[in-house]
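J.: Listed below, chain by chain, are the residues.
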Amino acid sequence: MNSAVMKKTMYFFVLPALVFYCIFWIFPIFKLFQYSVTDYNGYVQSFNYVGLDNFKQLFQEEVLSISIKNTLIYTAITVILGNIIALMIAVLLNASISGKAFYRSAFYIPTLFSAIVVGFIWSYVYMPQEGLIASFLEKIGITTWDTNFLGSYSKSLYSIIVVDIWKNIGTSVIIFLAGLQTVPHELVEAGKIDGAGKWKLFRFITLPMLATSVTINITLSVINGLKAFDFPFIMTNGGPGISTNTLIYAMYKMAFTDQLFGKAAALGIISFAIIIVITIICVFTLNKKEVSA
Amino acid sequence: MKRFSRQSFVMLLIAMLLVLGACSSNSNSGTGSSNTGGSSNTGSSNSSDTSSDEKPVTLTMLVSGAKAAEGEDFELEIFPRLVKEKFPNVTLEVQKLPDEQYYTTVKTKLGAGEGPDIFLVFPKLANMGAIEVAKAGYAADLSDLSFWDRVSPAAKNDMSYEGKPYAVAKGMDILGTYYNKTLFEQAGITEIPQDWPSFLEAADKLKAAGITPIAMGDKDMWVIQFGMYQLAANSVYPTDPEFDTKLQTSETQLTDEKWIKTINQYKELYDKGYVVNGSLGMASAQAAQQFVDGKAAMIFTGTWDLPSLTATGAAEFERGFFSLPGNEPGQPVYASASTAAGYAINANSKNLDVAKEVFEYLFDAESPLFEAWVASNPSISVFNGVELQNDIFADVLGNIQETGNAFYFSNQMWPAGVSDAMQSKFAEIIGGRAVTAEDVAKAMQDKYTELYKQ
Chain A
1 MNSAVMKKTM YFFVLPALVF YCIFWIFPIF KLFQYSVTDY NGYVQSFNYV GLDNFKQLFQ
61 EEVLSISIKN TLIYTAITVI LGNIIALMIA VLLNASISGK AFYRSAFYIP TLFSAIVVGF
121 IWSYVYMPQE GLIASFLEKI GITTWDTNFL GSYSKSLYSI IVVDIWKNIG TSVIIFLAGL
181 QTVPHELVEA GKIDGAGKWK LFRFITLPML ATSVTINITL SVINGLKAFD FPFIMTNGGP
241 GISTNTLIYA MYKMAFTDQL FGKAAALGII SFAIIIVITI ICVFTLNKKE VSA
Chain B
1 MKRFSRQSFV MLLIAMLLVL GACSSNSNSG TGSSNTGGSS NTGSSNSSDT SSDEKPVTLT
61 MLVSGAKAAE GEDFELEIFP RLVKEKFPNV TLEVQKLPDE QYYTTVKTKL GAGEGPDIFL
121 VFPKLANMGA IEVAKAGYAA DLSDLSFWDR VSPAAKNDMS YEGKPYAVAK GMDILGTYYN
181 KTLFEQAGIT EIPQDWPSFL EAADKLKAAG ITPIAMGDKD MWVIQFGMYQ LAANSVYPTD
241 PEFDTKLQTS ETQLTDEKWI KTINQYKELY DKGYVVNGSL GMASAQAAQQ FVDGKAAMIF
301 TGTWDLPSLT ATGAAEFERG FFSLPGNEPG QPVYASASTA AGYAINANSK NLDVAKEVFE
361 YLFDAESPLF EAWVASNPSI SVFNGVELQN DIFADVLGNI QETGNAFYFS NQMWPAGVSD
421 AMQSKFAEII GGRAVTAEDV AKAMQDKYTE LYKQ
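Protein chains in written order, with the working numbering: chain A, 1 to 293; chain B, 1 to 454.
Chain A extracted, bound-state conformation (with noise of 0.2 angstroms):
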């Protein structure tokens, strides 16, 4: 009798919950399809169907080829360049070095700070000829390289991943070191024994134990990377001309500058179908590892 009654009690406790997973998310992606047909400005209220014209005009500007490709290359730099570093700042922390404490807060530090202010302190440090960067190759001599890094087609891209990369790494470090504890002293002792190497303990040893903390960051860097936005915003407007922007930020300026709401929320379902497919192969691939790991 009592676990009838509860069974049906529970379901009660759960419908606040419910109720505002529906009204604040399944409801907004209700109105984003809806919008993704019309005209909606944002602005003024009244608003055309106007069919499937938002989709046909995105496809044919380069505005969303060039989105995509900047997510897919922001994402997979953050992605590996970002996790590969971690790692091996985490496996220097593991060590006995004097100071350990010390370098632990330092590496984790940026992360605290919130993006715009990181985002603006280092577009003054890339600032062409006055900033940080230019100022100290000019110290040390070096005048002949371009310093113009938000300014230029080539570099803008990869100078605002350098900053993506300064400043998430500290969650990742942090996670990569909780996971080096886990690894178990006797297995390491064992293998020294037999006589392996350090590459050889770490490659199959540490690693293999470390695949759960290896998906966690994974997931994390490539939600974060396909999210990407602050940095372009606060660096470089998205620019020079349009060459870093991504999917979210050609959908903010979409929405709010240009005020084609239903556009945006055109971009919004190729980006929801783009990050599903994404997440779909990761999640595989990954769960795949850890199986045989």
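Calculated from the structure, these hints are not laboratory results.
Everything hinted at is true.
Pairs of lysine to any residue, SDA-like flavour, derived with a Cα cap of 20 angstroms:
#: 1; chain 1: A; residue 1: 69; chain 2: A; residue 2: 270
#: 2; chain 1: A; residue 1: 56; chain 2: B; residue 2: 452
#: 3; chain 1: B; residue 1: 295; chain 2: A; residue 2: 143
Keeping the supplied structure of chain A fixed, place chain B upon it in accordance with the hints.
T.: Leaving out everything else, chain B in the frame of chain A:
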């Protein structure tokens, strides 16, 4: 031990509540005493109604711009203070945001029905333009205010829709070229260039003397408009003042050779290396810093930027201002000038009457608020009888008033988004990509066709 800590926690809570209660009662008694003082203040207000609600009213105001670098900021500090002195029950809360964020924030708030009581509106068809906000029903009709007979008709018209004014323009803004008089002397430039070849010559002299001729913060891409519109005022509109109206009926296109000429002129400045290297990586604030530090001789921007360009920098020098002469030798120089942004009242404001009273006070020629506003306003006043506050604009303004040779900023007659297309495509030219003026013009026209549906 447990009972002790619980007791002390409860005592702490009670103590905090008492302190908070005392604080709020303090402020209550404060407004009470000034209320009695306020109700006797009926003489100086221009408005005819004597019933300024005795209930405390909070007016919210959202404007764009940068906080004054030195001294008190008019909108953030002086305006609320003087309003409080005149209407003790009215508290004016002002928020000032950088331009890009202003547009997004105010539109989102208005769209959600939570708009500020007073906000900034731009002329005609510009982004957040008077026509747009009037059509959407967000701005209140201000025809019943008493001071319109003292405002220049052009300024009133630019802020009107169907004959009714919806905002009070802050004044007239002129786009021009600020220059460093000392650096000009150093390079041997004795007089202000009056046509395009002379301007190029002057820039050459500066370059030869090792001085960076022009600084521009192209990372903030909207500054590309500042040079472009000055050239358009000389190369597009003098021979075809109705160009933008013809665009609306498709009689002409933005790919017209006049615009190609304008874009090519602006491109020339970059091709010849007159603009600072790496301008695409520099924000507009950083470019302004270059100017005040004496590292560049000229910068293209408008009257609104006077405060940041006359701020103290690493170098001491006298500033001057002239219109960029995109004209042929022998032709007159046309200035690029437009009605500035203005204050509008939210049509759905709960305090519509109070806001209107504040406006009457602000624009009453005898009120201290009007004087303070005129003193701090870099835009040129459009109210009768107000003297020019900043001598630096005297030459250009005098020329405009005598000859009438001026045209508005092009983006005020384009749907919002066309100027962005111009900026992105032109930025590719600055970035050294193989893009031509024809490509830029085509991008502008494509965007225009996409956006101009009405």
